[in-house]
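Asker: Heads up: the sequence lines are chains A and B, in that order. The numbering used here applies: residue 10 is where the first sequence begins, and numbers increase by one. The numbering used here applies: residue 10 is where the second sequence begins, and numbers increase by one.
A couple of the hints might just be wrong.
In silico DSBU-like pairs for lysine-lysine, Cα to Cα no more than 35 angstroms straight-line [what the hints assert, rightly or not]: (1) B/Lys208 to B/Lys243; (2) A/Lys35 to B/Lys194; (3) B/Lys194 to B/Lys99; (4) B/Lys208 to A/Lys103; (5) B/Lys262 to A/Lys309; (6) B/Lys208 to A/Lys99; (7) B/Lys226 to A/Lys35; (8) B/Lys262 to B/Lys226; (9) A/Lys103 to B/Lys226; (10) A/Lys194 to A/Lys262; (11) B/Lys208 to A/Lys309; (12) B/Lys237 to A/Lys309; (13) B/Lys243 to A/Lys309; (14) A/Lys35 to B/Lys207; (15) A/Lys262 to B/Lys226; (16) B/Lys262 to A/Lys103; (17) A/Lys103 to B/Lys194; (18) B/Lys194 to A/Lys99; (19) A/Lys243 to A/Lys309; (20) A/Lys207 to A/Lys262; (21) A/Lys35 to B/Lys309; (22) A/Lys194 to B/Lys103; (23) A/Lys309 to A/Lys262; (24) B/Lys226 to B/Lys208; (25) B/Lys208 to B/Lys103; (26) A/Lys226 to A/Lys208; (27) B/Lys103 to A/Lys243.
A few chain B residues facing chain A, derived, Cβ under 7 angstroms [what the hints assert, rightly or not]: (28) Arg47; (29) Ala53; (30) Leu68; (31) Arg160; (32) His204; (33) Thr279.
Since the hints were derived computationally from the structure, they do not count as laboratory data. No residue lacks a Cβ here, since even glycine has one placed at the ideal position from N, Cα and C.
2 protein chains.
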Amino acid sequence: MSLKHDREWDYELERIVEEVEDRDAKRVGLQFPEGLKRRGPAVADDLRERCDDDVTFMLSGQPCYGACDLDTYLMRRTDVFVHFGHSPMKESDKIIYVPLFSNVDPFPILEDSLAELDGDEVGLVTTAQHMNRFEDMCDWLEERGYDVHTRRGDDRLTFEGQVLGCNYASADIDADQVLYVGGGKFHPLGLAMEHPDKKVVIADPVNNVVTIADTEKFMKQRYASVHKAMDAEKWGVIFCTKIGQGRMEIAEKIIEDNDNAYLITMDEVTPDRLRNFDMDAFVNTGCPRITTDDGPRFHKPMLTPQEYRIAVGDEPLDSLEFDTFHGTW
Amino acid sequence: MSLKHDREWDYELERIVEEVEDRDAKRVGLQFPEGLKRRGPAVADDLRERCDDDVTFMLSGQPCYGACDLDTYLMRRTDVFVHFGHSPMKESDKIIYVPLFSNVDPFPILEDSLAELDGDEVGLVTTAQHMNRFEDMCDWLEERGYDVHTRRGDDRLTFEGQVLGCNYASADIDADQVLYVGGGKFHPLGLAMEHPDKKVVIADPVNNVVTIADTEKFMKQRYASVHKAMDAEKWGVIFCTKIGQGRMEIAEKIIEDNDNAYLITMDEVTPDRLRNFDMDAFVNTGCPRITTDDGPRFHKPMLTPQEYRIAVGDEPLDSLEFDTFHGTW
């Protein structure tokens, strides 16, 4: 896949400057997701030029993978905290969310994707980056005779039609196929795992390709991990301390019911950190995508909470579902 | 070096159980340094056996390298927080510090180390693990005719004669040689860098060897990093968010004076995290040992605050000193 389009982002500098002035802010925190951290210093320069000399800009060096993953340390210690690249999971006076809407034109690839659609009932979803074109895309499809199904998922999502890596409630629609418009395979893969009965057509305007989501490799890995974990005695139960990734009730329930389960708290869930613990298997109550996408990188089987219940015999194997995350914090 | 002695640690379980009962604690956090995290589940088991069923034990999965590095998230969310492996940097009602005193007998290796001492004036230092034998070791040396110099460094240290990886104020004594009793080279290396005029004799009762600290390799790396950084234009200035590793005044001073310096905040300072930022060099205002010991693992030169001042021409090269950390938080 070649990167056909130059991506340019709208950093909404004027909106930020206005808020800094309105609040007479002296310390401003800037948080970027991993792929955009490199742009941070230039954005800080642009803001410094536009703000008073006594305003200090601080870049978050913490890993960041979503609006679930705010740098709360920096947020608490700054007057204005700007979170780039994601839309609000929960509003707060302190935080300015800059979703970084994309300038990529989605219509050429939408045109190409029509060949993959069966019939005229279709769901439409996209990510925060392309939300600025969502209504246009609906209109465009309707003009071509499609009955477009959309919905706003739940309160974890900001927009109608929006998906997150951990939440595909916006695709709970009455159509057998869903058109996903956006870059990469990360989101449509989760979408297809969460909705195994639907065909997921990927219209990728960034890499300029149309593909069909294929979950086979990932589903095989899930079943293999569950099987391996069936022999486990000692379980590490991970509670993720990131602001929007905590599911303490689930973690505590497992600990209560299983004397060989140990509650382990951490922010970044990495192979290195888990290697420190002598466990036979892990249950991750934090981000489901670490479990499904990075699972094979861990030295011991890593399961979702439901997969844990399957492994210990509380649920049948064929009930296995993709783990999704609901609510805010 | 072979591990001649089995190390056994005193986890002070009875003291912990007593505190849990006294405070009627329901949630107890347990934090271990990296090398001992593996023991965490067994310690949790021992505590569960001795406590009421309604007490939940939570293991910190965050990396931990000192009493400067408390898991504040877990601490705030538990009724009792037990920090193993380090002595108090600052007391708090909530925290129980269990230094894990070693049961290793230091006297055989002390006997061997005498051959390396020149004259009878000697400083004596050790780590928290061997503090339970510090007075005995002083007496032992004095009985053999030595004039033993000891002092309590500053308020970052708990005990007289104690050293930390970042603080060797206890070796500011009136003797040209210092005897370090303890395992490994980490502490004596810092000691020798901080006190280049003193001979540092290492009596290692864990690995059963006597050696002389040699800082040459590290000092060459420091000078090389400073030289490389002299051409840097864009500087990343790291402020570490760990509770006992923050030096904001130093970081802000650099930012104020240098328009090409950017303040970056993070807890774990790792090569991966810094690679996200397009900088020519970094200044680390956090843990000095990440700079000196791990420096070569980073993709760009990483300097201490004083090395930064040398690189930008504010101080002469021959003033280069080991970076130490003072005070608590």
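Asker: Against each hint, give a clear statement of whether it holds in the structure.
Answerer: For each hint, the structure was consulted:
| no. | hint | verdict |
| --- | --- | --- |
| 1 | B/Lys208 to B/Lys243 | violated, 39 angstroms |
| 2 | A/Lys35 to B/Lys194 | violated, 44 angstroms |
| 3 | B/Lys194 to B/Lys99 | holds, 26 angstroms |
| 4 | B/Lys208 to A/Lys103 | violated, 54 angstroms |
| 5 | B/Lys262 to A/Lys309 | violated, 46 angstroms |
| 6 | B/Lys208 to A/Lys99 | violated, 59 angstroms |
| 7 | B/Lys226 to A/Lys35 | violated, 43 angstroms |
| 8 | B/Lys262 to B/Lys226 | holds, 31 angstroms |
| 9 | A/Lys103 to B/Lys226 | violated, 48 angstroms |
| 10 | A/Lys194 to A/Lys262 | holds, 33 angstroms |
| 11 | B/Lys208 to A/Lys309 | violated, 47 angstroms |
| 12 | B/Lys237 to A/Lys309 | violated, 42 angstroms |
| 13 | B/Lys243 to A/Lys309 | violated, 41 angstroms |
| 14 | A/Lys35 to B/Lys207 | violated, 46 angstroms |
| 15 | A/Lys262 to B/Lys226 | violated, 52 angstroms |
| 16 | B/Lys262 to A/Lys103 | holds, 26 angstroms |
| 17 | A/Lys103 to B/Lys194 | violated, 46 angstroms |
| 18 | B/Lys194 to A/Lys99 | violated, 49 angstroms |
| 19 | A/Lys243 to A/Lys309 | holds, 11 angstroms |
| 20 | A/Lys207 to A/Lys262 | holds, 33 angstroms |
| 21 | A/Lys35 to B/Lys309 | holds, 30 angstroms |
| 22 | A/Lys194 to B/Lys103 | violated, 46 angstroms |
| 23 | A/Lys309 to A/Lys262 | holds, 22 angstroms |
| 24 | B/Lys226 to B/Lys208 | holds, 16 angstroms |
| 25 | B/Lys208 to B/Lys103 | violated, 41 angstroms |
| 26 | A/Lys226 to A/Lys208 | holds, 16 angstroms |
| 27 | B/Lys103 to A/Lys243 | holds, 29 angstroms |
| 28 | Arg47 | holds, 5 angstroms |
| 29 | Ala53 | holds, 6 angstroms |
| 30 | Leu68 | holds, 5 angstroms |
| 31 | Arg160 | violated, 35 angstroms |
| 32 | His204 | violated, 33 angstroms |
| 33 | Thr279 | violated, 9 angstroms |
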